[in-house]
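Asks: Sequence:
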Amino acid sequence: MSFVLIHGAGFGADCWDELIPHLGAEALAVDLPGRGTRAEIDLRTVTLADCAEAVRQDVEAKDLRDVVLVGHSFAGVTVPRVLDLMPDRIRHVVLVSGVVPPDGTRVLDQIDPDVRVLVEQSIAGGVYHQTREGAAAVLCNDMDEATAASALDRLVDDSATLLSERVDLSGYGRELPRTYVHLTRDQCYVEELQQRSIALLRPDVVDLDTGHMAMVSAPEKLAAVLNAVHG
Numbered sequence: 002m003s004f005v006l007i008h009g010a011g012f013g014a015d016c017w018d019e020l021i022p023h024l025g026a027e028a029l030a031v032d033l034p035g036r037g038t039r040a041e042i043d044l045r046t047v048t049l050a051d052c053a054e055a056v057r058q059d060v061e062a063k064d065l066r067d068v069v070l071v072g073h074s075f076a077g078v079t080v081p082r083v084l085d086l087m088p089d090r091i092r093h094v095v096l097v098s099g100v101v102p103p104d105g106t107r108v109l110d111q112i113d114p115d116v117r118v119l120v121e122q123s124i125a126g127g128v129y130h131q132t133r134e135g136a137a138a139v140l141c142n143d144m145d146e147a148t149a150a151s152a153l154d155r156l157v158d159d160s161a162t163l164l165s166e167r168v169d170l171s172g173y174g175r176e177l178p179r180t181y182v183h184l185t186r187d188q189c190y191v192e193e194l195q196q197r198s199i200a201l202l203r204p205d206v207v208d209l210d211t212g213h214m215a216m217v218s219a220p221e222k223l224a225a226v227l228n229a230v231h232g
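Using the working numbering, you'd call the opening residue of the sequence shown number 2 and step up by one each time.
By construction, these hints were calculated from the structure, which means they are not laboratory data. A quick note: this is a predicted structure, and the numbers were derived from the prediction, not measured. Treat the hints with care, since some could be wrong.
Claimed, not checked - Simulated restraints, written as ranges between beta carbons of each label pair: (1) G126 - T148: 29 to 37 angstroms; (2) M2 - D110: 23 to 31 angstroms; (3) D85 - R117: 34 to 42 angstroms; (4) R175 - D145: 39 to 47 angstroms; (5) R175 - Q58: 19 to 27 angstroms; (6) D169 - G127: 20 to 28 angstroms; (7) Q122 - A26: 38 to 46 angstroms; (8) G232 - A147: 15 to 23 angstroms.
Backbone N, C-alpha and C define an ideal beta-carbon position, used for all residues, glycine too.
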């Protein structure tokens, strides 16, 4: 039994570095296309299908089964595609402040208006580039200076296409247990939007008193939730 960890927008697999040592089972952190181990892929070409395929490749390469699939933030729209690609390998889905807009909509249309302005200002030439200052405001509100610096040092550019591609949530129709980790101090995927996602998924809900990057700011707390799900 293993954890498979899917990062959100603007990060890579290394965003899970603080969390993994606290997990009670093997953990695979995936780099989605255009960063880390897949940095050679042109971000401007990346689609949600490409993201799901990257997860499938890494899971099948290690022949992982009975997986607890963990998606953070934007991974909420990658996870259902992964479920469609390899449903027999997944035992439980956990979303950590997962973005789950209505099926067929664009993520860009569903995020908080204030955050959306920052996002739109950060898009150029098909690439989404977060400034350090903008990211600090919405991602690091629960971190001390050193922890925030460590998180911000891991920021990477991302595909703008992913924000405007219409989502396919059909994979969430599969009969799999799912848990939503609701982050009560999240300034990025704010309370109203988390509650909308929860209403769409009807998962078990666990509250954590953290900001958006709980795996960095409170890795032991998040690990305790994941270990309890894993059993």
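Asks: Does each hint hold? Answer for all of them.
Replies: Hint-by-hint comparison with the structure:
Checking the proposed 29 to 37 angstroms range against G126 and T148 shows it holds: the Cβ atoms sit about 32 angstroms from each other. Between M2 and D110 the CB atoms are about 37 angstroms apart, so this pair departs from the stated range of 23 to 31 angstroms. Look at D85 against R117: about 28 angstroms separates their beta carbons, and that is not inside 34 to 42 angstroms. Judged by the Cβ atoms, the range 39 to 47 angstroms given for R175 and D145 holds: they are separated by roughly 40 angstroms.
Checked against the given bound of 19 to 27 angstroms, the beta carbons of R175 and Q58, roughly 20 angstroms apart, stay inside it. Between D169 and G127 the CB atoms are about 21 angstroms apart, so this pair conforms to the stated range of 20 to 28 angstroms. Range check, Q122 to A26: about 41 angstroms between beta-carbon atoms, so the 38 to 46 angstroms window is met. Evaluation of the 15 to 23 angstroms hint for G232 and A147 yields a failure: the beta carbon distance comes to about 34 angstroms.
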